[in-house]
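There are 2 protein chains.
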Amino acid sequence: MVGSDNTPPGLNPKKAAYMASDLEKNAKYWGLPIKMPEEFFKLMSSNANLKAQRFLVALEHENPDYLRPAARELWYRMWSRDEPIHEIQNIKEVCDKLKIPNSDKLISEINSPKVKDLLKKNTEEALAYEAFGAPWIVLKREGEEDACFFGGDRFPILCNELGIEFQGPLKSKI
Amino acid sequence: MVGSDNTPPGLNPKKAAYMASDLEKNAKYWGLPIKMPEEFFKLMSSNANLKAQRFLVALEHENPDYLRPAARELWYRMWSRDEPIHEIQNIKEVCDKLKIPNSDKLISEINSPKVKDLLKKNTEEALAYEAFGAPWIVLKREGEEDACFFGGDRFPILCNELGIEFQGPLKSKI
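Those sequence lines, one after another, are chains A and B.
All residue numbers for the first sequence refer to full-length UniProt numbering, where the first residue is 1 and numbers rise by one.
All residue numbers for the second sequence refer to full-length UniProt numbering, where the first residue is 1 and numbers rise by one.
Simulated from the structure, these hints should not be mistaken for laboratory data.
Heads up, a few of these hints could be off.
When chains are identical, the list treats them as one kind, so a pair holds in a single copy or across two.
No farther apart than 25 Å at their CA atoms in a straight line, the calculated lysine to any residue pairs in the SDA-like style are these [unchecked claim]:
1. K92 - M36
2. K97 - E142
3. K140 - E24
4. K171 - E161
5. K28 - F155
6. K35 - A147
7. K42 - A134
No experiment lies behind these values; they were computed from the predicted model shown.
Chain A with its partners taken away, still in its complex shape (with noise of 0.2 Å):
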């Protein structure tokens, strides 16, 4: 959000209400028991996540099959439960209920330059697709430009491109 010059929408009193309401009603139409953690504009403000998301890097680059289970279970700790996911201790956590192997020097390497890199490098590839926020989507097709999608709401415009029926949400498969 920064490299982009983009400011949070949160900031804006009349957004944030709005933002919590329109929040409300989504999780009711997806099916999904989403909750606006309580301090989500500490979280917002104090690069809460960093860890878990060098955490996510090194998971994809040393085992790539746990990388969605460890993001779904850390997107259900922040926006359903309200549980930390900022500390190491909350990473471990993770870990254990997923049974992630080698978690030890996954967490190890959280710290490391070459997983601080990765992550820099995976926020210079969203920056150079003019990415302002997330989640960022971007469609690849050969012999065609690249798409760009920002938000949880371009669903029907991405199926659309794509000749496909969007067909709402999927409760059942979640």
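Place chain B on chain A using the hints.
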């Protein structure tokens, strides 16, 4: 936007580029001939549509049956054919095209204190609903709190609140 302390997203160059591309994809999805006005940012920052807004307010007050066709025609001028809407002459063209009765009287009322006050009242009503942008949709239901929706991308969520299926773009009905 000023009353809500909001800033337009187009002021961030990355967001502006994304908005143009997002608009193009939305136009395909909805089957609408949307085309960004060449001088969009000048129009945005110059209150260019103030007379058109006042005209619509006068029309709603005097001849409400024409409100929707006139709003639609003004939309097509600005968002599809890149024709001006900021001069009285442009509003006359809309009146002629739609054969709006008493249009001279309506146009003469654009600068009247009564019409200015009606528009101010509408704006204050929107601000009371915590609006910070447009379109701002208010869902009113008996015995329930009003629900607000910001943006043209919230129809699936709005339908979900109403317990009805969102059918996607109804291209045959445009």
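Results for each hint:
no.	hint	verdict
1	K92 - M36	within (23 Å within a copy, 50 Å between copies)
2	K97 - E142	neither (39 Å within a copy, 46 Å between copies)
3	K140 - E24	between (32 Å within a copy, 18 Å between copies)
4	K171 - E161	both (23 Å within a copy, 16 Å between copies)
5	K28 - F155	both (17 Å within a copy, 14 Å between copies)
6	K35 - A147	between (30 Å within a copy, 18 Å between copies)
7	K42 - A134	within (18 Å within a copy, 29 Å between copies)
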